[in-house]
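Protein sequence lines correspond, in order, to chains A and B. Read in order, the letters of the first sequence are residues 33 to 145 in our numbering. Read in order, the letters of the second sequence are residues 4 to 114 in our numbering.
Don't read these hints as lab results, they were simulated from the structure. Just so you know, not all the hints are guaranteed correct.
[Said to hold, decoys possible] Subject to a maximum C-alpha distance of 20 Å in a straight line, what follows is the list of computed SDA-like cross-link-like pairs (lysine to any residue):
#	chain 1	residue 1	chain 2	residue 2
1	B	K12	B	G31
2	A	K74	B	S89
3	B	K12	B	G101
4	A	K91	A	S59
5	A	K101	A	G86
6	B	K12	A	K110
7	B	K12	A	W70
8	A	K110	A	S50
9	A	K91	B	S30
10	A	K74	B	K60
11	A	K74	B	G108
12	B	K60	B	L91
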Amino acid sequence: ILNVEQSPQSLHVQEGDSTNFTCSFPSSNFYALHWYRWETAKSPEALFVMTLNGDEKKKGRISATLNTKEGYSYLYIKGSQPEDSATYLCAFIGAGNNRKLIWGLGTSLAVNP
Amino acid sequence: DSGVTQTPKHLITATGQRVTLRCSPRSGDLSVYWYQQSLDQGLQFLIHYYNGEERAKGNILERFSAQQFPDLHSELNLSSLELGDSALYFCASRLDRGPAFFGQGTRLTVV
Numbered sequence: 033i034l035n036v037e038q039s040p041q042s043l044h045v046q047e048g049d050s051t052n053f054t055c056s057f058p059s060s061n062f063y064a065l066h067w068y069r070w071e072t073a074k075s076p077e078a079l080f081v082m083t084l085n086g087d088e089k090k091k092g093r094i095s096a097t098l099n100t101k102e103g104y105s106y107l108y109i110k111g112s113q114p115e116d117s118a119t120y121l122c123a124f125i126g127a128g129n130n131r132k133l134i135w136g137l138g139t140s141l142a143v144n145p
Numbered sequence: 004d005s006g007v008t009q010t011p012k013h014l015i016t017a018t019g020q021r022v023t024l025r026c027s028p029r030s031g032d033l034s035v036y037w038y039q040q041s042l043d044q045g046l047q048f049l050i051h052y053y054n055g056e057e058r059a060k061g062n063i064l065e066r067f068s069a070q071q072f073p074d075l076h077s078e079l080n081l082s083s084l085e086l087g088d089s090a091l092y093f094c095a096s097r098l099d100r101g102p103a104f105f106g107q108g109t110r111l112t113v114v
């Protein structure tokens, strides 16, 4: 059974704080790791697709790093804003024919103004 | 707009009935995934199709079935509906390593 774990489960920060959360995944048979943002009453939207060990991706104030050897990825948000409030999901894709997305349960971020 | 279209957006039906949810993937995406989101729950994977073939099954009930047609659109059939089947059903499409693109979901209410 492949497990993808995200921590913390939820996070409350003040506007302007920087924050980070973790996605842990199996370190063997790695194919890709995705990060998604899921806002309330909307559908998940992809933030990053990460495929190589050491990858660092950035989009505005949000960035992510990847360590496939130890099986973790970090998502960082610099200077959090209320509009960053959402659930952040990661999804692991293992090598193999199915290319199935295995989802974490997400980190729910609330940014207080 | 993700390019993934789900219909209908809302569906209200009675227990015991059968419904069909439809998903049109993004042009060129061969993979279609179905997910269920019940109240306060995360994404529960139901089933994955790739180019017309079933690739993986998740926690999909026997009362539920799906298929992907030659034009790559997919349908999720839910039968003998129960109150507990009320949920938001998402479809997502993907190409190889690329990200999943989600439709806006179908909100099913069983009364």
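Right, here's what the structure says about each hint:
1. K12/B - G31/B: The hint is violated at about 23 Å.
2. K74/A - S89/B: Holds: K74/A and S89/B sit about 17 Å apart, inside 20 Å.
3. K12/B - G101/B: violated, 26 Å
4. K91/A - S59/A: It is violated: about 25 Å lies between the C-alpha atoms, which goes past 20 Å.
5. K101/A - G86/A: OK: K101/A and G86/A at ~9 Å, within 20 Å.
6. K12/B - K110/A: violated, 35 Å
7. K12/B - W70/A: holds, 18 Å
8. K110/A - S50/A: It holds: about 4 Å lies between the C-alpha atoms, which stays within 20 Å.
9. K91/A - S30/B: violated, 25 Å
10. K74/A - K60/B: Outside the cut-off at roughly 25 Å; violated.
11. K74/A - G108/B: holds, 9 Å
12. K60/B - L91/B: holds, 18 Å
Comparing the model with each numbered hint stated earlier shows that hints 1, 3, 4, 6, 9, 10 do not hold.
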